[in-house]
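Undergrad: With the sequences and hints as input, model every part of the structure.
The opening residue of the sequence shown carries number 1 in our numbering; numbering runs sequentially from there.
Just so you know, the hints here were simulated from the structure itself, not pulled from any lab data. A couple of the hints might just be wrong.
Said to hold, decoys possible - Derived DEER-like restraints, expressed as beta-carbon distance ranges:
id, residue 1, residue 2, range
1, D488, R335, 41 to 49 angstroms
2, N577, P478, 34 to 42 angstroms
3, V442, F101, 47 to 55 angstroms
4, T481, Q746, 32 to 40 angstroms
5, D556, D515, 46 to 54 angstroms
The beta-carbon is built from N, C-alpha and C at its ideal position, and this holds for glycine as well.
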Amino acid sequence: MRGGGRAARSLTRARARSVPPAGGHGGASAGSATPPRVAEVSRRCERSGSTGGGRIGPPCATLTVPREPLAGRRARSRAGCPTHTPTTSRSTVDLGERHLFLQRALAAALVVLLVPIFVAIGAVADEQPVRVGEPAPRTIFAESLVRITDDEATDTARRTAAESVEPVLTPDREAQTAIVRDVREVFLSTREVRLPDPEADGAIGSTPRPAEQRERLAVLEPDLDEDVIAALVGLTSNQLDVVERETIAIAQELARQRVDEDDLDRLLEETLSVELALRNLPGDSGTRIVQPVLEQKMRPTVAVDPDATAAARQRAAESVEEVTETWRAGEVIVRSGDVVTPRQARAVEELGLAGGGPWRAWLQATAAMLLVSVVAGVYLSRMQPIVWVTGKKLLLLSLLVIAYGLLVVGVTAVVDATSAGWLFAVPAGALAMLIALLIHPVIGIAAMLPASVLVLLVRPDAGSVALFAAIVVLLSVPLTTRIAKRSDLRSATLRAGLSYPAVAAVVVMAFGPTDELWVAIAAGAVNGLVTALAVQGALPFLETMFRLPTVTALLDLADRNHPLLRELEAKALGSYNHSVMVASLTERACRAIGANPLLGSVAGLYHDIGKVRQPHFFIENQQGIANPHDDLEPRVSATIIQNHVIDGVEMAIEHRLPPEVVACIGSHHGTMRVSYFYDKAIRAAGGDRDAVDEAAYRYRGHKPRSKEAALLLLADCSEATTRAMAMSRGTLPREDIESTVERLLQERLDDGQFEDCDLTFRELRQARDTIVDSLVGIYHPRIAYPSKPTTGEAGGPDATTGRPAEPTPPSVPAPPAR
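TA: What follows is the structure in structure tokens.
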């Protein structure tokens, strides 16, 4: 069922080349050049684009029939002159493909070239040097984890650690011995001064006087106080023996303990307070002699080991880790205006942020945008062929991405002068909603890729903002799929905007820094306001400039006060009523299979606008007049009927209808035969089919290339045929409607009318059933209300069926307008 292949395009081009000019009885050869107006119509149709099915080329490339006033065409036909000059569509298709290639190349080139330029412009500030001791020219954020070692601080810490190590002490044997020896020397000196002095005056062997003993002892022990010397001299021999023995014992006890200089006084105090209380000393000798002597002669019993101390301090210094400062990605290294420290300057230099900003940023952005463009091209060509074959949509997509990149750079410039929390004002939601409304919701969702990448290109540290951009895209795009009127658009943008502050708060609390929480919430609120204004303000402008069938544009076209619909109603009321019915049938069928019901409805309203140029040649508009086809040859009548498609395309392009609607108008009969006049021509030729050129009786349009166009074709023929049946029968049972619609569907399947669109057989069955249900609802049986007289009057309604007593058949058995 899927079409758009090379064989199908070749078949279409072959049919276009084989269409002969319309003449009186077979016409002349198609040798004349294409009239200027035909070429202009072809060029304008080509510019209108394509709508889908994977087919590349203008939607009305084969619609090259020239338009002349009816009288002129009739005169030319009767004179045997050609009324149409066919053109070959191969060159047109080739030009269209080359034009589409150039559009794709331009769209990619704009993104790859312009976005990096914007990013580089935003990075110009990186050229300003960052110097130690000077104010920072800008706020600098860490792009990745960076750890800077402070050598000076590390050395200081290691010196402190080494100095904090206590000296390593070892027992000092000499000091221990000297303590006891010096104490013993005191008592030996005391005994010595009591011996007679051989050189002194007086009797030999007499004991020196106390005063003399004190003088001599002071000479021998100059370190002792006079009170201690006096106390020693005043001791009896027995008392001296006891004090000497106890003092030496205490000295020996003290010498055995490890005592350094700092603990010496403490140890003496603690030891003597105990020992003096326990020992049996005469009188107050303990405090007057023992304690002062020991305090005088006591010294540290340990000594510092220089080698061991040096080794311990070396180990302590080595155990100190390097002093570093770490910045995680996204953290501020230095704020604008703050004095730069050596550590901060080294961090900036190590991250490569001190210079070369523009070129570095340009190279990174170019590589990133090139990658994004390649990924987008592959995705669109495989998953979104409708967009891939529509050059203007690709161009619009690139322009939206470029505009978003410019906004990101602008927001970043504001952030560098204020607070990083304002990065959450980046309007990623506006980008996604515009893409979803103007191009396709799925592509709007995919916009999270460039939305996040652009944020990271401009601010590599803003990972949380890139996450915020992706989340708001996912929240915003689904709201665009439920828009049925313009007020829904305002509601969708409002709801999206209200969610942004909450999303910003959650992201900041989860990924920090939390000191920017309130700023981020405020930025989210600003983002929501900007998104609402941007979407509602830019959408009408963009949809008009690019002639895109957005929801709002289609809603405007669905207004029955549109000039084309007003003209159709005024000049061809029957065709207008038919169009309204076809619009309803197409809308319901599109909704049943998941196609675009609004596009189907609008296409149904406008599909027959070409009939306003010659309304009375169509049976639904022939109330009260003779059928003009009764006086025309079948070839001329068929040409007139065929021309309403071309007229409709011309009028649609002149009124700047979206290309999707133009394509539906050009394909609402496909390339089917105008069967009524074809059969009439065969009858006129005596039943000789070879005498009638079948191609001359086929519509000059193209086969449907979208689901909406295919369903319009089926709804159009179904409504026209069942209406004609109802006119002759009065009412239709469901079985007749089902068989009729099934027959029409099968005829178009057999004729290959659906080979260029992507409808499946299941979708066709669903559409058929929906159309049948709708038609049954229209032509259901009704109870006739009696009139006066109720019976017996010729031509009056039958009281049971409500049908005319003698139905008058139309002048033409089958409606030639179809």
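Undergrad: Between D488 and R335, does the C-beta distance stay in 41 to 49 angstroms?
TA: At roughly 45 angstroms between Cβ atoms, R335 and D488 fall inside 41 to 49 angstroms, so the hint holds.
Undergrad: Does the Cβ pair V442, F101 satisfy 47 to 55 angstroms?
TA: violated (24 angstroms)
Undergrad: Quick check: does the Cβ-Cβ distance between T481 and Q746 fall within 32 to 40 angstroms?
TA: holds (35 angstroms)
Undergrad: Does the Cβ-Cβ separation between D556 and D515 fall within 46 to 54 angstroms?
TA: holds (48 angstroms)
Undergrad: Between N577 and P478, does the beta-carbon spacing fit 34 to 42 angstroms?
TA: Distance hint for N577, P478 holds at roughly 38 angstroms.
Consistency note: the structure conflicts with earlier hint 3 alone.
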